[in-house]
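Asker: Residue 25 is where the sequence shown starts when you use our numbering, and the numbers rise one by one after that.
No wet-lab data here; the hints were simulated from the structure. Please note that a few of the clues may not be correct.
Under the rule of at most 25 Å between Cα atoms (straight-line distance), these lysine to any residue pairs were calculated in the SDA-like manner [what the hints assert, rightly or not]:
#1 Lys148 <-> Gly128
#2 Lys148 <-> Arg103
#3 Lys229 <-> Gly95
Just the calculated beta-carbon pair ranges, DEER-fashion [stated by the list, open to error]:
#4 Ser206 <-> Asp143: 36 to 44 Å
#5 Gly61 <-> Thr31: 38 to 46 Å
#6 Ser155 <-> Ala107: 27 to 35 Å
#7 Gly85 <-> Asp198: 32 to 40 Å
#8 Arg39 <-> Asp198: 38 to 46 Å
#9 Ala106 <-> Gln210: 19 to 27 Å
#10 Ser193 <-> Glu108: 33 to 41 Å
#11 Asp44 <-> Asp202: 37 to 45 Å
The C-beta atom is built at its ideal place from N, Cα and C for all residues, glycine as well.
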Amino acid sequence: MTDGTATEEQFWDSRYGESDRIWSGNPNTVLVREITGLEPGSALDLGCGEGADAIWLAQRGWRVTATDISGVALDRAARHAAAEGVADRIDWQRHDLGTSFPAGTFALVSAQFLHSPGDMPREKILRAAASAVAPGGVLLVVGHAGYPSWEPNPHPRVHLPTPEEVLASLELPDGQWDVLLSDEHQRSQTGPDGRPTTRTDNALKIRRR
């Protein structure tokens, strides 16, 4: 890849164009675990991909703004939402989050596996995500803690931060946030050869006072 927004968009449009579905279609497990039981309100899903998280939230009463850099992914997500009967509860928006960001504040801001092999300014985006959390609302950031066992050549420019590094990078003002979750966990995954394996991920959940 070379630098530039157009290339980043082209990369992800090409990635999603490889097949009719590249993800499982199921919501992320940490999102389900951590959000179940919260009072539904407004939610922002950053890097929504094919829309599984946004659809799951909408089915449970949330009003969702869902963003991705890939128009291919967003078109696919919108079709899935229509098929599930929740199209009217989700606002799909195309954003290169390093240069534009959805307006408003939200009871929940979710960033699930917001990684890219390009030059995505992840720390800047997550600071904007924290700023978009309404008083009393929650920011949930889930990411990879390491590369999968079958990946022999990890991308050298993609840093996979710890939850503590993510928290520090947010540069939050003192006394205005509570840390509800900061940990690493194992996730079951199927390798390209079809064999089951595990991968280490991490999660940070914080609430604005």
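Asker: Now look at each hint and say whether the structure bears it out.
Answerer: How the hints compare with the structure:
1. A C-alpha spacing of about 17 Å is found between Lys148 and Gly128, which places the hinted pair at or below 25 Å, so the restraint holds.
2. A distance of roughly 31 Å separates the Cα atoms of Lys148 and Arg103; the hinted pair therefore is violated under the 25 Å criterion.
3. Taking the CA atoms of Lys229 and Gly95, the gap is near 29 Å; set against the 25 Å cutoff, the hint is violated.
4. In this structure, Ser206 and Asp143 break the distance hint of 36 to 44 Å, their C-beta atoms being roughly 27 Å apart.
5. For the pair Gly61 and Thr31, the beta carbons lie near 41 Å from each other, so the given range of 38 to 46 Å is met.
6. Restraint check, Ser155 to Ala107: a C-beta distance of roughly 34 Å satisfies the suggested window 27 to 35 Å.
7. Under the hint 32 to 40 Å, the C-beta atoms of Gly85 and Asp198, about 34 Å apart, fit the expected range.
8. Restraint check, Arg39 to Asp198: a C-beta distance of roughly 40 Å satisfies the suggested window 38 to 46 Å.
9. Our hint of 19 to 27 Å for Ala106 and Gln210 is violated, since their Cβ atoms are close to 35 Å apart.
10. With their beta carbons about 35 Å apart, Ser193 and Glu108 fall inside the hinted range of 33 to 41 Å.
11. Here the CB-CB span from Asp44 to Asp202 is close to 42 Å, well matched to the stated 37 to 45 Å.
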